[in-house]
Amino acid sequence: MISMTSVVELAYMASSLLFILGILKLGKVKTSKQGNLWAAYGMALAIGATMLLLITRGDWDPRPGEWAYQSHALAIGAMVLGSAIGWWLAVKVPMTSMPEFVAFFNGLGGAASMFVGLAEVPRAVELAEKAAEEAAKKGEVGGWTMSGSGADFAIAVMLAVIIGAVTLTGSLVAYAKLAGKLNKSRIGPLGSQGFNIVLGAVCIGAGAWGGFFAADPMGLWVSNGLLTLGALLLGFGLTLPIGGADMPVAIALLNSYSGIAGMTTGFILRNNLLIVAGSLVGASGIILTQIMCKAMNRSLTNVLVGGMGESAGGGGGSKDEGYTKVKSTSAEELAAVLDAATSVIFVPGYGLAVAQAQHKVRELAGLLEKKGCQVRYAIHPVAGRMPGHMNILLAEADVPYEQLYELDRINDDFKNTDVVVVLGANDVCNPAATNDPKSPIAGMPVLTVWDARTVVVVKRSLASGYAGIRNELFQMDNSLMFLADAKKALEDTITELKAL
Amino acid sequence: MNLFLAVAAQAAEAASAPAAQESGNLPFLIVGLWVLLLSIFVGFEVIQKVPPTLHTPLMSGSNAISGITIVGSLYCVGNDYPLSAGILGLIAILCAMINVVGGFVVTDRMLGMFSAKGGKK
Numbered sequence: 000m001i002s003m004t005s006v007v008e009l010a011y012m013a014s015s016l017l018f019i020l021g022i023l024k025l026g027k028v029k030t031s032k033q034g035n036l037w038a039a040y041g042m043a044l045a046i047g048a049t050m051l052l053l054i055t056r057g058d059w060d061p062r063p064g065e066w067a068y069q070s071h072a073l074a075i076g077a078m079v080l081g082s083a084i085g086w087w088l089a090v091k092v093p094m095t096s097m098p099e100f101v102a103f104f105n106g107l108g109g110a111a112s113m114f115v116g117l118a119e120v121p122r123a124v125e126l127a128e129k130a131a132e133e134a135a136k137k138g139e140v141g142g143w144t145m146s147g148s149g150a151d152f153a154i155a156v157m158l159a160v161i162i163g164a165v166t167l168t169g170s171l172v173a174y175a176k177l178a179g180k181l182n183k184s185r186i187g188p189l190g191s192q193g194f195n196i197v198l199g200a201v202c203i204g205a206g207a208w209g210g211f212f213a214a215d216p217m218g219l220w221v222s223n224g225l226l227t228l229g230a231l232l233l234g235f236g237l238t239l240p241i242g243g244a245d246m247p248v249a250i251a252l253l254n255s256y257s258g259i260a261g262m263t264t265g266f267i268l269r270n271n272l273l274i275v276a277g278s279l280v281g282a283s284g285i286i287l288t289q290i291m292c293k294a295m296n297r298s299l300t301n302v303l304v305g306g307m308g309e310s311a312g313g314g315g316g317s318k319d320e321g322y323t324k325v326k327s328t329s330a331e332e333l334a335a336v337l338d339a340a341t342s343v344i345f346v347p348g349y350g351l352a353v354a355q356a357q358h359k360v361r362e363l364a365g366l367l368e369k370k371g372c373q374v375r376y377a378i379h380p381v382a383g384r385m386p387g388h389m390n391i392l393l394a395e396a397d398v399p400y401e402q403l404y405e406l407d408r409i410n411d412d413f414k415n416t417d418v419v420v421v422l423g424a425n426d427v428c429n430p431a432a433t434n435d436p437k438s439p440i441a442g443m444p445v446l447t448v449w450d451a452r453t454v455v456v457v458k459r460s461l462a463s464g465y466a467g468i469r470n471e472l473f474q475m476d477n478s479l480m481f482l483a484d485a486k487k488a489l490e491d492t493i494t495e496l497k498a499l
Numbered sequence: 000m001n002l003f004l005a006v007a008a009q010a011a012e013a014a015s016a017p018a019a020q021e022s023g024n025l026p027f028l029i030v031g032l033w034v035l036l037l038s039i040f041v042g043f044e045v046i047q048k049v050p051p052t053l054h055t056p057l058m059s060g061s062n063a064i065s066g067i068t069i070v071g072s073l074y075c076v077g078n079d080y081p082l083s084a085g086i087l088g089l090i091a092i093l094c095a096m097i098n099v100v101g102g103f104v105v106t107d108r109m110l111g112m113f114s115a116k117g118g119k120k
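Those protein sequence lines, which keep their order, are chains D and R.
Per numbering that gives the first Met the number 0, the first sequence runs over residues 0 to 499.
Per numbering that gives the first Met the number 0, the second sequence runs over residues 0 to 120.
Please note that the accuracy of each hint is not assured.
Claimed, not checked - Heads up, simulated DSSO-like pairs for lysine-lysine below, C-alpha to C-alpha not over 27 Å straight-line:
hint	chain 1	residue 1	chain 2	residue 2
1	D	293	R	48
2	D	487	D	370
3	D	27	R	48
The hints are simulated quantities; they were obtained by calculation from the structure and are not laboratory data.
If we strip away everything but chain D, and leave its shape as in the complex, we get (with noise of 0.2 Å):
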């Protein structure tokens, strides 16, 4: 006879094989939606399972004494509730503000894992107090640490509590950036390297404190607290120096995190289910961080620190002057020169984004298709606020994904080119990178829109972009600037075009 935590654990391998394979499937675009139904039906098994095995087992039953209450509907209460709220907010946000609300929820599962690590504490705090009581009979005095029920345990709640706190404060602050709520690099002494690693030791010292040291109530109760408050703010003091556009790395780095969090839960409560499916999650957030970093040239601690935003941003915000001989264009000459096209590739970059363009471009490029212009879309990785930022913006526009062109794909033709429109975006378009040794962002990969014949800048100022950088390319030879909206400029430029 199989027993039931046989049968639940049977049902755990087979959710984590629905994880495997629901990744495996996400990854290609014709089998991605399955992949991600694969993924929800191994997350309602691991559900389903588990509250199975906890009903039948009694963990569920009413408990005896005066404070007896229901778990079944509690637990289910809140279940119903979490799925109508993350029902409601997925099903309402606009694709628009996809980056801020990923971070959110990832938010959200760091805040829950903390949450399970802190479960551990009263539970160590009535141990705790029963040996006291036991001892205290003996004519003795007692105690319990938490390292009594393992030294993995303690540790693993302990960097449960710190993972799941720094992804979740981490993650309310990049969804405040992302949502333009908050533009700050610190706030007081947060967000000062030096604040933070003294956070950092405080984590340290209350958690080893509270794990192995702690032995009474009042202890378990102190060192958890002061552990929860300093990891909450080393979330914040970690984040803030993140500029705008190395949000990309800040938030794959932060979904790393949840799912890493996920992963010492797994430690807490000897569940091999919860270690699967959190390393999964932990890897793919490394492997995109990764890919983030390379994308930009820059080391994963350089984008941690936040040293370029702070330095640069200084003395590059003031260089609008330095700019003779930039040729301004307009909706009428762009449309003349679109006109006359054969070959058209688009750059977009975060201020298409901001301008919510994105139909204005496809209407634009079904125009040009009908006269027989070849379009394309060149994406530099980084372009945007998260990773696939812009693949996801021109999905929703219907941009057939097989117009999309990455940096190494691209790059070669842009001298076969007649035009290119740059929508948007600046740094990852600027000849410095290749061009000047000195330059901050020297070596980074970028699109060379300058060998085209025609380059056409869409951009609201000649205001430098993130990396504060003046860019060459707005005073080239074959480079003119339209200083507008991107909606505003792509709007007018159809009206033209219609009109020609």
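On the provided structure of chain D, position chain R as indicated by the hints.
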């Protein structure tokens, strides 16, 4: 000092107890580390091949999977945990469930945009 000695004795007792229960079996820590090692490897292998077009859905999909802590939080509401732990568990359930449902639904919406277009072509 008395307290310290008492705690040390308790800890020693506790440390030997699980080992006795698991006679012949490996402690969970070792099994867990094996699982961890292998799944990190699987994770790297599976994700390395994902094209940039799908980076956002991959991220939000894996984000939903990180809500697996829902399983952990369900345990915390069980009656072998004290009431205050149960309350923390309920908050954890709420957070994790928003993450899970929100994550999967958002990912599905995003991917819908890719496939709708694939259908037209």
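Hint check results:
| no. | hint | result |
| --- | --- | --- |
| 1 | D/293 / R/48 | 16 Å, holds |
| 2 | D/487 / D/370 | 23 Å, holds |
| 3 | D/27 / R/48 | 9 Å, holds |
In summary, the structure agrees with every hint in the numbered list given earlier.
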